[in-house]
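There are 2 protein chains.
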Amino acid sequence: MNDRIIQDIAAEAGSSVIPMRWEKGCFYLLDQRLLPAEEKWIKYTRARDVAGAITDMVVRGAPAIGITAAFGMVLAAREASGLEGREFLEHWDREAAYMVKARPTAVNLKWAVQRLSRVAAVAVQTGVTGREVAEVLEAEAMAIWEDDIRGNIEMGRLGAGLIPESAGVLTHCNAGALATGGYGTALGVIRGAVTAGKNIKIYAEETRPWFQGSRLTAWELIRDKMEVTILVDNAAGLMMKLGKINAVVVGSDRIAANGDVANKIGTYQVAVLARRHNIPFIVAAPVSTIDPDMPSGDAIEIEKRAGDEIVSVCGTRIAAKGVKTENLVFDVTPAELVTAIVTEKGVLEPPYGPSVRKLFS
Amino acid sequence: MNDRIIQDIAAEAGSSVIPMRWEKGCFYLLDQRLLPAEEKWIKYTRARDVAGAITDMVVRGAPAIGITAAFGMVLAAREASGLEGREFLEHWDREAAYMVKARPTAVNLKWAVQRLSRVAAVAVQTGVTGREVAEVLEAEAMAIWEDDIRGNIEMGRLGAGLIPESAGVLTHCNAGALATGGYGTALGVIRGAVTAGKNIKIYAEETRPWFQGSRLTAWELIRDKMEVTILVDNAAGLMMKLGKINAVVVGSDRIAANGDVANKIGTYQVAVLARRHNIPFIVAAPVSTIDPDMPSGDAIEIEKRAGDEIVSVCGTRIAAKGVKTENLVFDVTPAELVTAIVTEKGVLEPPYGPSVRKLFS
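For the record, the sequence lines run as chains A and B.
Residues in the first sequence are numbered from 6 upward in steps of one, following our numbering.
Residues in the second sequence are numbered from 6 upward in steps of one, following our numbering.
Don't read these hints as lab results, they were simulated from the structure.
Where is the CB? At the ideal position from N, CA and C, for every residue including glycine.
There's no promise every hint is true.
Said to hold, decoys possible - Quick list of the computed label-pair ranges, beta carbon to beta carbon: (1) A:I47 to B:R38: 53 to 63 Å; (2) A:S171 to B:K309: 34 to 44 Å; (3) A:D98 to B:E44: 52 to 62 Å; (4) A:K326 to B:D61: 49 to 59 Å; (5) A:D13 to B:H282: 45 to 55 Å.
Said to hold, decoys possible - Below 35 Å or equal to it, Euclidean Cα-Cα: the simulated DSBU-like pairs (lysine-lysine) are: (6) B:K106 to A:K329; (7) A:K329 to B:K326; (8) A:K230 to B:K45; (9) A:K246 to B:K206; (10) A:K246 to B:K230; (11) A:K206 to B:K363; (12) B:K45 to B:K246; (13) A:K350 to B:K246; (14) B:K246 to A:K309; (15) A:K48 to B:K48; (16) A:K326 to B:K329; (17) B:K363 to A:K329; (18) B:K363 to A:K309; (19) A:K249 to B:K45; (20) B:K249 to A:K309; (21) B:K48 to A:K249; (22) B:K48 to A:K246; (23) A:K246 to B:K249; (24) B:K45 to A:K246.
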């Protein structure tokens, strides 16, 4: 089994970037820490190394983390291909527990591991060998991946309807092909609007501290021959005030049952600015990003990363020694600021409590 | 004449950082482009080199630019010390026209040059030599400098009254000693609050694209043994939502007659966030920053700088080749979002139209 079908789906949709590969039982990640300077692929054969890659941000973006974790768990199953029954499951549970801790905020990680765990449990119960369980899981991981990219393309089609015919559209962080199994969520909506013939000028916030906008969003759009203008995160307010930005589209790492949206730090303030300027603030995310067990965004764990992401840039120390830092890397946008949530199953509108319940019923 | 008096005033106020020096007819600037890695002083003996230093941001910050321009014009007068009367004034006018074009947004530049031009015109009319005019101008430039630092200390005293007894205080960019003749405007208010015994936790936004917060604000506060926490610009909203930031204090490059405030890009969005969280948004600036001839902020020229400030950091290219950029480096915060304007002549409160008129009457 390989990833040929994903490549074909992406190509047909006009998107050439896919951040992972699956080939002959090995998983590969494009090292996103090195983009755009270098395109280096790293090969993985062990689950724990995949978990490490998620922690270290070789791959990032909630849906991409989910797919990566799924293939990481396929590798975990392959490690245990000589085991059966309870022994297999003991290994599996240990690796699954390790994997879900790789990063805390994106719910897709937990979601993907749980989905594979259910399949593994059923397969083990049938009494097949570990090797055969691993094959079933490989097919399930491929299904997650294929669902993801097809879902993104569908989100693009649905979300395009929310974008004005002629507009400056701002996005934050990277919720593109690189953050997913291909095509992208927020960038999927932008791609969808372009495909629908809309006159879109794309603005990307550079997205400190990790520069996902400059490094990743710009790279993948240029790769796909789309024009993009980079702004510092400080410029969104002015650009809205000048009338140059007319819509905002972002992705999400977790959406609570009430519609509160966790996403990259800075998203909340863009939403506040969008509201002040009466600009639609659109969230694009697969249903797997919605956490129906999380009543509101207040309880979503916000990852805190090391301060050197702030005080050192490209290996150069920029702040005086002795400064303190606060490096919370996500924030929560309250549902009241969200104009619409685009999923592959349809566009959710406020009030989100009922629309989320309906989606899951 | 030298700058000993300024050093003494700063030291007495507990501030050790002054970004310029005047010694034996030469002007010196601390090269702020190299901070915090290196403390290098550059010597200036010609007016045009001083104008170049302003354009190239060896020095920045509206009041510091004003003082620098004043000493630059003293150097212009010294260049013409062999000239008299009309010949002197022809040289003067040419150099003044060159100087005021060094940067467009900060009004203090124009204000300082005009103030010296009036003194030069009067002195020339008395029939004294160019050399004597230069001496009069040197005294006037020193007076601008002394007024500035004394004004900052007074702003600190007045502004401290607006800061809660115990508060997280956010500042944007650098409106500190490095941006002024010493002590600072916004940082002056923070220094004043600390001096008044308030329990202040200082947060500094890193302030992309030039990192004035990380590079300059952090450096001068640590130099003066004050604790500072650096945030990416994206984090202000979250930190307010978490209740960790309870007041905002910023400087200004130009304040219109209606109270609209031009300041470093990103200031406007912090003001929008402060309003949403019912947090005071305080502007600290000397009266020389108020432009009574500018009816509103709409007409203030917003400087646009080269895009490589965005796509390259510390010499490393971070964005893919082919991206476009939009690098407007100031924005305008409408008066309605400004809680108070602290000047050395008193605290202005809304409505600012009448309070500004009263100040200038």
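Hints, one by one, checked against the model:
no., hint, result
1, A:I47 to B:R38: 53 to 63 Å, "37 Å, violated"
2, A:S171 to B:K309: 34 to 44 Å, "24 Å, violated"
3, A:D98 to B:E44: 52 to 62 Å, "57 Å, holds"
4, A:K326 to B:D61: 49 to 59 Å, "26 Å, violated"
5, A:D13 to B:H282: 45 to 55 Å, "49 Å, holds"
6, B:K106 to A:K329, "38 Å, violated"
7, A:K329 to B:K326, "34 Å, holds"
8, A:K230 to B:K45, "44 Å, violated"
9, A:K246 to B:K206, "31 Å, holds"
10, A:K246 to B:K230, "39 Å, violated"
11, A:K206 to B:K363, "46 Å, violated"
12, B:K45 to B:K246, "40 Å, violated"
13, A:K350 to B:K246, "32 Å, holds"
14, B:K246 to A:K309, "16 Å, holds"
15, A:K48 to B:K48, "55 Å, violated"
16, A:K326 to B:K329, "34 Å, holds"
17, B:K363 to A:K329, "42 Å, violated"
18, B:K363 to A:K309, "49 Å, violated"
19, A:K249 to B:K45, "41 Å, violated"
20, B:K249 to A:K309, "15 Å, holds"
21, B:K48 to A:K249, "43 Å, violated"
22, B:K48 to A:K246, "41 Å, violated"
23, A:K246 to B:K249, "27 Å, holds"
24, B:K45 to A:K246, "39 Å, violated"
Checked against the numbered hints listed earlier, the structure breaks hints 1, 2, 4, 6, 8, 10, 11, 12, 15, 17, 18, 19, 21, 22 and 24; every other hint is satisfied.
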